[in-house]
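Quick mapping for you: the protein sequence lines, in order, are chains A and B.
Each step along the first sequence adds one to the number in numbering that gives the first Met the number 0, with nothing skipped, and position 371 is 370.
Each step along the second sequence adds one to the number in numbering that gives the first Met the number 0, with nothing skipped, and position 178 is 177.
Worth flagging that the hints you see were computed from the coordinates, not collected in a lab.
Quick caveat: nothing in here was measured; it's all calculated off a predicted structure.
Using N, Cα and C, we set each Cβ at its ideal position, and we do this for glycine too.
Hints are not guaranteed to be accurate.
[Said to hold, decoys possible] Computed from the model, here is a short list of chain A residues facing chain B with C-beta under 8 Å: (1) Glu36; (2) Asp37; (3) Asp39; (4) Ala41; (5) Gly42; (6) Trp44; (7) Thr45; (8) Ala46; (9) Gln55; (10) Lys145; (11) Met148; (12) Asn149; (13) Leu156; (14) Ala159; (15) Gly160.
[To be verified] Under 10 Å between C-beta atoms, here's a sample of chain B residues computed to sit facing chain A: (16) Gln56; (17) Leu57; (18) Ala62; (19) Gly64; (20) Met65; (21) Pro68; (22) Ala70; (23) Trp72; (24) Arg74; (25) Pro106; (26) Asp108; (27) Arg112; (28) Leu186; (29) Ala189; (30) Leu190; (31) Val192.
[Said to hold, decoys possible] The list that follows gives simulated cross-link-like pairs (lysine to any residue, SDA-like), each with its CA atoms no further than 25 Å apart: (32) A:Lys183 to B:Gly64; (33) A:Lys83 to B:Asp108; (34) A:Lys139 to A:Glu36.
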Amino acid sequence: MKTNSRALAFAAGAALLFGCASQAPLRDMTPGERPPEDTDEAGLWTALDEAELSLQRSPLLIRDPALNAYIKKMVCDLAGDYCKDIRVYIIRRPYFNASMAPNGVMQVWTGALLRSENEAQIGFVLGHEIGHFLHQHSIKQWRRTKDIMNALSILQLLAAGSGTQDAYDIFDVTQVVAIASLYKYSRDAERESDTEGFERAVKLGYRADQGALLWQGLLAEDNARDRNKPSGIFATHPATEERMTTLREAAEAFADAGSRTGEDAFQLATEPFFASWLEDEMGRRHYPQTIVLLDRLQQRALGKHLAWVEYYRGELFRKRRAGGDDKRAIDAYRAAMRVPGYPPIAHRDLGYMYRTIQMPSQAAAEWRQYLKLQPDAADRATVEHYLSEATGAAHANR
Amino acid sequence: MNPAPKTSTRLLRFLLLLVAVMSLAACKSSHVRTVSDFKETFTLGGKTIVMVEPSIQLYQMQASGMLEPKADWTRQAREYFPAAVNEFLTRKNAKLAPDYYPEANLPADHRIRQVLALNMAVMGTIFQHSYLHVPLPTRGTKRRKPLSWTVGPGVQEIRKITGADYMLTLQISDSYSSKGRVAMMVLGLALQVAILQGGTQGGIATLVDLETGEVVWFNVMTDQMGDMRDREGATETARRLLKGLPL
Chain A
0 MKTNSRALAF AAGAALLFGC ASQAPLRDMT PGERPPEDTD EAGLWTALDE
50 AELSLQRSPL LIRDPALNAY IKKMVCDLAG DYCKDIRVYI IRRPYFNASM
100 APNGVMQVWT GALLRSENEA QIGFVLGHEI GHFLHQHSIK QWRRTKDIMN
150 ALSILQLLAA GSGTQDAYDI FDVTQVVAIA SLYKYSRDAE RESDTEGFER
200 AVKLGYRADQ GALLWQGLLA EDNARDRNKP SGIFATHPAT EERMTTLREA
250 AEAFADAGSR TGEDAFQLAT EPFFASWLED EMGRRHYPQT IVLLDRLQQR
300 ALGKHLAWVE YYRGELFRKR RAGGDDKRAI DAYRAAMRVP GYPPIAHRDL
350 GYMYRTIQMP SQAAAEWRQY LKLQPDAADR ATVEHYLSEA TGAAHANR
Chain B
0 MNPAPKTSTR LLRFLLLLVA VMSLAACKSS HVRTVSDFKE TFTLGGKTIV
50 MVEPSIQLYQ MQASGMLEPK ADWTRQAREY FPAAVNEFLT RKNAKLAPDY
100 YPEANLPADH RIRQVLALNM AVMGTIFQHS YLHVPLPTRG TKRRKPLSWT
150 VGPGVQEIRK ITGADYMLTL QISDSYSSKG RVAMMVLGLA LQVAILQGGT
200 QGGIATLVDL ETGEVVWFNV MTDQMGDMRD REGATETARR LLKGLPL
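Just chain B, same shape as in the assembly (with noise of 0.2 Å):
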């Protein structure tokens, strides 16, 4: 057994730790690609924009990391976050379509809700290839290159329904920490055997063109401090999400 360190070797140990600490919980990222990027000029003009169904998911970090959905503060989150979107776009004067929520009892088959689910796994891949950017072989291996995902013109039956040019379409799963984790990470720290991570925000952003399919804007967003248990939290987190749109 190694003899126990000096206080003075033991407390300066504890400093780092905690400067490693603050500095990880300090963590935020937003990560903004459009293909303004890569054009000339892009801008949405006065075109009309509607936010469809987002997806949204709370969960409670438990002791031991594993993640507890929890309903009520999802309910909650569904309800603050959308109008915490509206409310940013308002502000910026954007042109909105009032918010799309297909009908509950559309079948599965449905074609909308084929386009919406098509839409959700295209930005799922977005993420994975340009913003993990894990090679993809038709692509090539060049790290930066245009945004070049599409949906392809089906999305013309979601221009069909809400008479927008755009679409708007996040995705955002959150946890917090429970009691028992935020002791947790006390007492990883205090004995000086690990930082363990909290609760952890992240989502995802993609503006559609509701003509061509094309993406035309995406956001990655990780935050570690970001709250959409109130309203305030909600705001915030919308800001975050939609830094960038090119309004």
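Chain A with its partners taken away, still in its complex shape (with noise of 0.2 Å):
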């Protein structure tokens, strides 16, 4: 009986802690203003613009002034008179994900630029960010989960000093449905950010379909994932068919509100990446979600950009030899050499799997064609080692 009512009371005493947690209020966030120094949020800012500095230094940082001026305007765009506030850094990391800091850090991934087939999907991301910037979530987010740790650890000092079990399972369950209440505050803040990118990108005239169908790539690409390794993708942007439903059913209220994509725009300005993102993709070495990626990117690519998917596909397989794959990279090779203006590395790749599979005098015949279309390789003293064993091999066999 006494225990009973001891539980009980340690019960009153956590409603009562989650009850009276301290919010201050909102800043109206007019543009161009930092928060008033007395503040938590101006306690981040401080601490977030030093680890603005080092990001500044930082090598994975993409420094290509076209392409930072590309993505900044079309946050400008996005932003409007916010635009000021926020800086874009452009991050060399292969996977999709873009964020949002509260003193204005906004960081866009390769991965998310790769993965976007044109202006409206990717303005649909940014617009994202803006969301989450203008709604202050992380300062929202903050606040919360710094309520909830203290009221957690008192709990769990209370549940300890009454030595009672009654007392550590409502601690225990208590903790389950506080931390849980973190990650649905999440998933709430990342609906309401769809919800403003959507607005604001369909306000630029993009077409209102291009969101769900990055979001309907994205999934595609999740659902092939060895689910022995993270996801990677909806690692912070949990997925949800309820989520893609929503932006389907948005972008069919809004189907004649717009029909700009800026596909040529973006392929143009993101060109001289394409094949260093891939390659970027590929050391991942999550080859099925590459693969589904490659499929994706195959449908809309042209020229330069095919030989690129089809001679990155012909790596995966080598690289992967699982069954089949070895002729499957033969294949993906040739089909690049069949584009126009396909890079000459396709034939010492296609030399390589041929070595693996100990074909010598077919592999030496692709090297030999790979140093004449470029006689300046730097590799070309390698090739040429690997060249003169497989004649020697060759003429070893006959």
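Please assemble the complex out of the two chains, which come individually in their own frames, going by the hints.
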């Protein structure tokens, strides 16, 4: 009986603590404004200002002025008066992600640029991040986390102090509920930002269905994931059918809003980086996902892009070497070579494939072609070495 | 469920806890290493020192132990602490060049910023391998070994601008318990379930030869009681962090 009343008192204390969490009012967010110095938000800014300096020095930062100007202009078009509050950093990481810090630091990862087919799609992503900024999600999340963690640690002490099993049980349940509520909050924030991003992109005359299309592509990739490896794509942005449905319904409601996709301009701006971003993508070694991505990229790829997609398909199969992959690799390299203006390294790597499956004369033919097309290749000496090895072996086999 | 312990046992347990906490709270340490530990003599002997932009960040420890950065405290400490360092060095008759703060609009890839960033990285490495003694294969396994770290001759850029012979770099982070944290600490003690740590001060200092880039002096300071939110506290912190500087 006594135990019960103590546990009850504990539960009452728990309820009280969660009710009395302190929530300071949010700022009005006038453009160009810094938070007042005595606030928790200003504290976060001082720490973030230092982090921004190291971001500026990061070897992962893409500094190309043209690409930066292009993405920054899109952010400005989407953000309006808040343009000057946001600083864009393009980060060379092959995962689909973008992020927004409360002090205006926006990170756009190259994995998100590689996966976007046009301005309408990346515009939706950028608008989504602007949504986080304008709705001050980071600071709200910080305050919630702070309150919940404070309450939980007090409860933990009380539970330990009361020494009753009931109190421990109540603490466990409370902890699960409290932490789950943080995730729920995060999903709500994502939803709110989805809406913001969608509306801002549509207002600029972009086609309304592109956000949903992008999600569809990402979902397809995620479904192909090796379940033993982390998602990468949805680590921070949990995908739910509901979220996609909401976007699709919104798109249908705005079906006649605009027709702009900005595909040509986007392709032109990202063209110089396409191959290097695909190279980074290969480095993830999430091959089933990369195949889905390559299939999607192939549908719209033209000219040199198509050659790169085929080339990296060859690379993928050559490196993976699952059953049947050797032949798939050879076919893919050959497909790349049928595209005018294809990269000569396709011959070199097809040569390596032949070498692996011990077909030295075929390998030698590819390497000769490589050196013919690219006489000043940086790895000429290496390839010549393999070439002499292969021709020696070819003679020996005869 | 265990029966409640007798009052006398409870009291004893409480006292033991109290003693433990008191001794923890008094915990201060300052760890000094210089090349002079290993060379016959090393003094600055009238050479000029410049303090470059120190890295200072103050936090408030929440009840849960989370650290929240504080803007107003940080600004104050960024004002008080460099002044206290200057005062300390002047009192010790050190020859000082004016403090050097790189211009705010200096781009991140500018040589000066790069050298200063490298210097900070070297400080972190020294802390890890010469203070925490995390083994580094290239440095062998002996615990005490010559302080053989260098930032490289790139530091001459700093010499050109400041005219100084040595560069003093200081990194400090400091946290203070919120009322909630203090309440938690008391509660943990009263319920006899936990000894919780409060805010802590930590600092690293190095002195670098601006000709060769060699790190000639290094100090680490941790303190549970330090406070940089006022001038006296900043003065005390400076004294402790600069302890053993071979002036």
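Checked hints:
1. The beta carbon of Glu36 of chain A comes within 5 Å of a beta carbon in chain B, closer than 8 Å, and the hint placing it at the interface holds.
2. Interface restraint check: Asp37 of chain A against chain B, minimum CB-CB distance 5 Å, threshold 8 Å, status holds.
3. Interface hint status for Asp39 of chain A: upheld, as the beta-carbon distance to the closest one in chain B is roughly 6 Å, under 8 Å.
4. A least Cβ separation of about 4 Å between Ala41 of chain A and chain B falls short of the 8 Å threshold, and the interface hint therefore holds.
5. Proximity of Gly42 of chain A to chain B holds as hinted, the smallest CB-CB distance being about 4 Å (cut-off 8 Å).
6. Checking Trp44 of chain A against chain B: minimum C-beta separation of about 7 Å stays under 8 Å; hint holds.
7. At about 5 Å, the closest approach between the beta carbon of Thr45 of chain A and any beta carbon in chain B falls short of 8 Å, and the interface hint on this residue holds.
8. With 8 Å as the threshold, the beta carbon of Ala46 of chain A comes within range of chain B, its nearest partner Cβ sitting at about 4 Å, so the hint holds.
9. For Gln55 of chain A, the interface hint holds, the least distance from its beta-carbon to any beta-carbon of chain B being 3 Å, beneath 8 Å.
10. Here the hint on Lys145 of chain A is kept, as its CB sits about 6 Å from the closest CB of chain B, short of 8 Å.
11. Given the 8 Å rule on beta carbons, the hint for Met148 of chain A holds: about 4 Å separates it from the nearest Cβ of chain B.
12. About 4 Å separates the beta-carbon of Asn149 of chain A from the nearest beta-carbon of chain B, less than 8 Å, and the hint is met.
13. At about 6 Å, the closest approach between the beta carbon of Leu156 of chain A and any beta carbon in chain B falls short of 8 Å, and the interface hint on this residue holds.
14. Interface restraint check for Ala159 of chain A: the shortest CB-CB distance to chain B comes to about 4 Å, inside 8 Å, so the restraint holds.
15. Look at Gly160 of chain A: its Cβ gets to within about 3 Å of chain B, closer than 8 Å, so that hint holds up.
16. Of the supplied interface hints, the one on Gln56 of chain B holds, with its beta-carbon coming within about 6 Å of a beta-carbon of chain A, less than 10 Å.
17. For Leu57 of chain B, the interface hint holds, the least distance from its beta-carbon to any beta-carbon of chain A being 9 Å, beneath 10 Å.
18. Interface hint at Ala62 of chain B: satisfied, since its Cβ lies 4 Å from the closest Cβ of chain A, which is below the 10 Å cut-off.
19. Proximity of Gly64 of chain B to chain A holds as hinted, the smallest CB-CB distance being about 7 Å (cut-off 10 Å).
20. Against a cut-off of 10 Å between C-beta atoms, the interface hint on Met65 of chain B holds, since the closest Cβ of chain A lies about 6 Å away.
21. Contact between Pro68 of chain B and chain A, as hinted, is supported at the beta carbon level, the nearest pair being about 4 Å apart and thus within 10 Å.
22. Hint status for Ala70 of chain B relative to chain A: holds, with the closest Cβ pair at about 4 Å, below 10 Å.
23. For Trp72 of chain B, the shortest C-beta to C-beta distance to chain A is roughly 8 Å, which falls under 10 Å, so the interface hint holds.
24. Annotation: interface hint on Arg74 of chain B holds; nearest CB of chain A at approximately 7 Å, less than 10 Å.
25. Hint status for Pro106 of chain B relative to chain A: holds, with the closest Cβ pair at about 8 Å, below 10 Å.
26. With a cut of 10 Å, the hint placing Asp108 of chain B at the interface with chain A holds, because the nearest CB-to-CB distance is about 7 Å.
27. Given the 10 Å rule on beta carbons, the hint for Arg112 of chain B holds: about 7 Å separates it from the nearest Cβ of chain A.
28. Below 10 Å, beta-carbon pairs count as interface contacts, and Leu186 of chain B has one with chain A at about 6 Å; its hint therefore holds.
29. Residue-level restraint check for Ala189 of chain B holds (minimum Cβ-Cβ distance to chain A is 8 Å; threshold 10 Å).
30. Hint status for Leu190 of chain B relative to chain A: holds, with the closest Cβ pair at about 3 Å, below 10 Å.
31. Look at Val192 of chain B: its Cβ gets to within about 4 Å of chain A, closer than 10 Å, so that hint holds up.
32. The hinted pair formed by Lys183 of chain A and Gly64 of chain B meets the criterion: a straight-line CA distance of about 23 Å does not exceed 25 Å.
33. Distance restraint check for Lys83 of chain A and Asp108 of chain B: the Cα-Cα separation of roughly 22 Å lies within the 25 Å cut-off, and the hinted pair is therefore satisfied.
34. Distance check on the hinted pair: Lys139 of chain A and Glu36 of chain A sit about 17 Å apart at the alpha-carbon level, within 25 Å; holds.
Hint compliance for this structure: no hint is broken.
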